[in-house]
Amino acid sequence: AAGVIQSPRHLIKEKRETATLKCYPIPRHDTVYWYQQGPGQDPQFLISFYEKMQSDKGSIPDRFSAQQFSDYHSELNMSSLELGDSALYFCASSYHSSGTAIYEQYFGPGTRLTVT
Amino acid sequence: AQKVTQAQTEISVVEKEDVTLDCVYETRDTTYYLFWYKQPPSGELVFLIRRNSFDEQNEISGRYSWNFQKSTSSFNFTITASQVVDSAVYFCALSERGSSNTGKLIFGQGTTLQVKP
Numbered sequence: 001a002a003g004v005i006q007s008p009r010h011l012i013k014e015k016r017e018t019a020t021l022k023c024y025p026i027p028r029h030d031t032v033y034w035y036q037q038g039p040g041q042d043p044q045f046l047i048s049f050y051e052k053m054q055s056d057k058g059s060i061p062d063r064f065s066a067q068q069f070s071d072y073h074s075e076l077n078m079s080s081l082e083l084g085d086s087a088l089y090f091c092a093s094s095y096h097s098s099g100t101a102i103y104e105q106y107f108g109p110g111t112r113l114t115v116t
Numbered sequence: 117a118q119k120v121t122q123a124q125t126e127i128s129v130v131e132k133e134d135v136t137l138d139c140v141y142e143t144r145d146t147t148y149y150l151f152w153y154k155q156p157p158s159g160e161l162v163f164l165i166r167r168n169s170f171d172e173q174n175e176i177s178g179r180y181s182w183n184f185q186k187s188t189s190s191f192n193f194t195i196t197a198s199q200v201v202d203s204a205v206y207f208c209a210l211s212e213r214g215s216s217n218t219g220k221l222i223f224g225q226g227t228t229l230q231v232k233p
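Chains as they are written, first to last, in the numbering used here: chain A, 1 to 116; chain B, 117 to 233.
No wet-lab data here; the hints were simulated from the structure. Nothing here was measured: the structure is a model prediction, and the numbers come from that model. Where hints are given, some of them may not hold.
[Unchecked claim] Computed list of lysine-lysine pairs in DSBU-like fashion (alpha-carbon distance at most 35 Å, straight line):
1. A:Lys52 <-> B:Lys132
2. A:Lys57 <-> B:Lys232
3. B:Lys154 <-> B:Lys186
4. B:Lys132 <-> A:Lys13
5. A:Lys22 <-> B:Lys154
6. B:Lys154 <-> A:Lys52
7. A:Lys22 <-> B:Lys132
8. B:Lys132 <-> B:Lys119
9. B:Lys154 <-> B:Lys232
10. B:Lys132 <-> A:Lys57
11. A:Lys22 <-> A:Lys57
12. A:Lys52 <-> A:Lys13
[Stated by the list, open to error] One side only, chain A facing chain B, incomplete, derived with CB under 10 Å:
13. Tyr24
14. Pro27
15. Pro43
16. Glu51
17. Pro61
18. Ser79
19. Leu83
20. Gly84
21. Ala92
22. Ser94
23. His96
24. Ser98
25. Gly99
26. Gln105
27. Tyr106
Every residue, glycine too, gets a C-beta built ideally from N, C-alpha and C.
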């Protein structure tokens, strides 16, 4: 079965540089989520999209922006990178949660970002 | 406010032992879902189970079982006859329906399980 695809898998950037992370959801999944996981920590919700519209926003720095495109893939853009942005960034996809139903999210392999 | 607590930071067992991972949650919502994810050393997050707040039936899947008790706000996970391949970080997560029902997950701190041969 097709899984969530993330690229690149590893990324090394210097401080103040920019980075773009890409996510391709599971086919027919219309909702995309982004999470950040620091070393030894639990994943923290950043932002989510449904039908190309932002549906929720968590603890995402103003230096970060994201969007979902017409083919449902999503990109997370990170500018003015700081050392503290070094983390594992996960994208997850699911069917749209509506009414009382909340569907499970399937996670990609993650992008490991290292800022030096 | 929603919160998930996994009080056990690390657990070490010997292969074939049974082990239970605890999860306690807080929510004001009457409609919510609970999840367990496994994160092996390779780093990916693997979905294990989803349970809604209206279904308190316990579930068994092979060596895995889950005990959901609303009265104690707990959703515990038991691995029977543990194996070395079960070594991983296990996360419990909560998603509230809320006013917008966006499905975002709030994770617990995770429990690192080490199964020794």
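Outcome of the hint check:
1. A:Lys52 <-> B:Lys132: At roughly 47 Å apart (the allowed maximum being 35 Å), Lys132 of chain B and Lys52 of chain A break the hint.
2. A:Lys57 <-> B:Lys232: violated (41 Å)
3. B:Lys154 <-> B:Lys186: holds (23 Å)
4. B:Lys132 <-> A:Lys13: violated (44 Å)
5. A:Lys22 <-> B:Lys154: With a Cα-Cα distance of about 23 Å, the restraint between Lys22 of chain A and Lys154 of chain B holds, given a limit of 35 Å.
6. B:Lys154 <-> A:Lys52: holds (29 Å)
7. A:Lys22 <-> B:Lys132: violated (41 Å)
8. B:Lys132 <-> B:Lys119: holds (32 Å)
9. B:Lys154 <-> B:Lys232: holds (18 Å)
10. B:Lys132 <-> A:Lys57: The given pair, whose Cα atoms are some 43 Å apart, is violated under the 35 Å limit.
11. A:Lys22 <-> A:Lys57: holds (18 Å)
12. A:Lys52 <-> A:Lys13: holds (28 Å)
13. Tyr24: violated (15 Å)
14. Pro27: Violated. Min distance 17 Å.
15. Pro43: The hint holds - Pro43 of chain A has a Cβ within 10 Å of chain B, the shortest such distance being about 5 Å.
16. Glu51: Violated, because the Cβ-Cβ distance from Glu51 of chain A to chain B comes to roughly 12 Å (cut-off 10 Å).
17. Pro61: Constraint on Pro61 of chain A not satisfied, violated at 17 Å.
18. Ser79: violated (23 Å)
19. Leu83: violated (21 Å)
20. Gly84: violated (19 Å)
21. Ala92: holds (8 Å)
22. Ser94: With Cβ-Cβ at 6 Å, under 10 Å, it holds.
23. His96: holds (8 Å)
24. Ser98: For Ser98 of chain A, the interface hint holds, since the closest Cβ of chain B sits about 6 Å away, which is under 10 Å.
25. Gly99: holds (7 Å)
26. Gln105: Given a least distance of 6 Å, the restraint on Gln105 of chain A holds.
27. Tyr106: It holds, given that the least Cβ distance between Tyr106 of chain A and chain B is near 6 Å, below 10 Å.
Hints 1, 2, 4, 7, 10, 13, 14, 16, 17, 18, 19 and 20 from the list above are not met by this structure, while the remaining hints are.
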